[in-house]
Amino acid sequence: MEKSKTLEKIVGKFSEAVIDLHSQLGYDTVIIAKSALLEVARFLKQDPELQYNYLMDLTAVDYWKRTPRFEMVYHFLSLKNKYRVRVKVPVGGAEPEVDSLTSLWPAANWYEREVYDMFGIKFKGHPDLRRILMYPEFEGHPLRKDYPIQKRQPRVGPK
Amino acid sequence: MFLNIGPAHPAMHGVIQIHAELDGEIVRKADIEIGYLHRAFEKHCETGTYSQCFPYTDRLNYASPLINNFGFAAAVEKLMGLEIPERCNYIRIIMSEISRITDHLTCIGASAMELGAFSVFLYAIKAREWLYELIESVTGARLTVSYARIGGVKADLPEGFEERCQATLQKTREVLKEVDQLLTRNRIFYDRMCGVGIISADDAVDYGITGPFLRSTGIEYDVRKAFPYFLYERFAFDIPIGEHGDNYDRYLVRMEEMYQSIRIIEQALDTIPQGPTNVDSEGNVIDPDLMADLGKFGKTSGLLKNEVLIQPTLQGSEKRYHDRVRAKSKEAWLPPKEQVYSNIEALMNHFKIVMLGHGIRPPKGEAYVAVEGANGELGFYIVSDGTDRPWRVRCHPPCFPIMAALGKILVGDQVADIVPTFGSVNMIAGELDR
Chain A
1 MEKSKTLEKI VGKFSEAVID LHSQLGYDTV IIAKSALLEV ARFLKQDPEL QYNYLMDLTA
61 VDYWKRTPRF EMVYHFLSLK NKYRVRVKVP VGGAEPEVDS LTSLWPAANW YEREVYDMFG
121 IKFKGHPDLR RILMYPEFEG HPLRKDYPIQ KRQPRVGPK
Chain B
1 MFLNIGPAHP AMHGVIQIHA ELDGEIVRKA DIEIGYLHRA FEKHCETGTY SQCFPYTDRL
61 NYASPLINNF GFAAAVEKLM GLEIPERCNY IRIIMSEISR ITDHLTCIGA SAMELGAFSV
121 FLYAIKAREW LYELIESVTG ARLTVSYARI GGVKADLPEG FEERCQATLQ KTREVLKEVD
181 QLLTRNRIFY DRMCGVGIIS ADDAVDYGIT GPFLRSTGIE YDVRKAFPYF LYERFAFDIP
241 IGEHGDNYDR YLVRMEEMYQ SIRIIEQALD TIPQGPTNVD SEGNVIDPDL MADLGKFGKT
301 SGLLKNEVLI QPTLQGSEKR YHDRVRAKSK EAWLPPKEQV YSNIEALMNH FKIVMLGHGI
361 RPPKGEAYVA VEGANGELGF YIVSDGTDRP WRVRCHPPCF PIMAALGKIL VGDQVADIVP
421 TFGSVNMIAG ELDR
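These protein sequence lines are chains A and B, in that order.
Numbering-wise (this note's numbering), the first sequence opens with residue 1 and increments by one.
Numbering-wise (this note's numbering), the second sequence opens with residue 1 and increments by one.
Keep in mind that the hints were calculated from the coordinates and are not lab data.
Honestly, I wouldn't trust all of these hints.
Said to hold, decoys possible - No more than 27 Å apart at the CA atoms, straight line, and that leaves these computed lysine-lysine pairs for DSS-like:
1) A:K82 / B:K43
2) A:K45 / B:K43
3) A:K124 / A:K80
4) A:K65 / B:K43
5) A:K82 / A:K9
6) A:K45 / A:K124
7) A:K80 / B:K43
Claimed, not checked - Using C-beta positions, here's what the derived DEER-type ranges look like:
8) B:E178 / A:R131: 53 to 61 Å
9) B:G160 / A:R66: 51 to 59 Å
10) A:V11 / B:T184: 46 to 54 Å
11) B:N4 / A:P154: 21 to 29 Å
12) A:N81 / B:D385: 41 to 49 Å
Virtual Cβ for every residue (Gly too), placed ideally from N, Cα, C.
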């Protein structure tokens, strides 16, 4: 398989952190270790050739019963090259935590709050990590696969 | 002073709350509270089949539901590698652009109304009504359309659509001209909009903002041009960009985008292909599934010739239109309706596609597909585990990053400026809170 320039560069620079990569359905995807996330993101943003200046989307997927359980999914876009790349980071453990990208993109602020709200993944270095769509008294994280869809909770307002 | 604005305030079209810290009339800090319309869209999508997600997507951006429909369908099609027919692509483009006009009309009309220009709102809504009638004649509904299907659309365009569409566009153009005359050089409107709610290009990129809001700052990014989907690369249209990134530029960008949408629709209507018409109810051309039927059960060929009248709501999904609007793929192929009504094989085929536990099964994998929604890039990220239900559906709503930046945009402006700035965001709570 021929690798795109982005994948080649990431593999060249972070060969130890790269777990896997593929270009399924024409979308470059790289799976990296949690510890290298901030560095890879900074590299993608600041590399003069790549210039991934957009953090287009940030979300998580709960692969229940798999270890590590969660996977953070970042979609970057380079306006200059009109090219997209997807970076995935497996996160696990009882208290899942990854580095926050708020220092690089202010856009990460609300996205990460949403992921925290829906999945309970914490972000190291996030300035204002609180629930965004649900109310503060809500218990549990609704997009986790072990949160039953029929579960009801009392709607309580701020005290 | 600390002031709570919203969630139920007449000038807030949409339920959000702004905690504003004021110094006299000047906003010093604004904290935006969202989530009042959270309906667990993503969670619900995981519990139903792929086709059952469409009604939920109608309710994301309810000012332009067709674009959401097509975006979700495009993501699943990407996952399955489906090729959709050319005519279907054209239909999707036409309907998307009509939706874009209705969305922008709503936004401009509502913002103008909030600044006191109530007649503009009435004019805009009048034009939107004509377009809604057009949408209704195609989809059967005005708002909860659910018109897209995986691998196509529900039905072909109705008879006489092209003429009616041309006439409506002509009338819409006149309304746009009226709106333009009423607003663009209106002293009050200009003073309230110009130089208010400014965002720099760098900030807009850092916040991940797309759509008219980004283009008003002078950055030319439009998914239709940058990553052409459906068949947008065939059409000539311009991307209007602003300069200052203020409310007035956003208004101008939206106005011009509507003209460009009309341009796209007119080109599409002129060149829309009629598509393969190799199938008629007489069965002159035999397609693969019919051939299999004939081989196994010779008697069914007689049944096929029975004239079956289908319900008015299903018009356009008969066999003679079927090949134009549906992908020829066994995995996602819903048989034509008169066959479902008249022979058992087609009925079984239909049930195999729609029944829980059977259904459409994209292969394992993931896909992110973006379309240009009315507010910006509308992305769908779908993870499939190979079953008939999506493992994860993520919708990237275009107004989410704008709302994230709103707290910063409002700072330094006056309290009264919150209203036009918030209006120009065109926040749609349905897609913001999902």
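Now for the hints, and whether the structure bears them out:
1. A:K82 / B:K43: 32 Å, violated
2. A:K45 / B:K43: 32 Å, violated
3. A:K124 / A:K80: 30 Å, violated
4. A:K65 / B:K43: 18 Å, holds
5. A:K82 / A:K9: 17 Å, holds
6. A:K45 / A:K124: Distance ~20 Å between A:K45 and A:K124 Cα, so the pair holds.
7. A:K80 / B:K43: 35 Å, violated
8. B:E178 / A:R131: 53 to 61 Å: Given about 45 Å between the Cβ atoms, the range is violated.
9. B:G160 / A:R66: 51 to 59 Å: With a Cβ separation near 54 Å, B:G160 and A:R66 satisfy 51 to 59 Å, so the hint holds.
10. A:V11 / B:T184: 46 to 54 Å: Taking Cβ atoms as reference, A:V11 and B:T184 lie about 53 Å apart, which means the hint holds.
11. B:N4 / A:P154: 21 to 29 Å: 23 Å, holds
12. A:N81 / B:D385: 41 to 49 Å: Distance hint for A:N81, B:D385 is violated at roughly 32 Å.
Checked against the numbered hints above, the structure breaks hints 1, 2, 3, 7, 8 and 12 and satisfies the rest.
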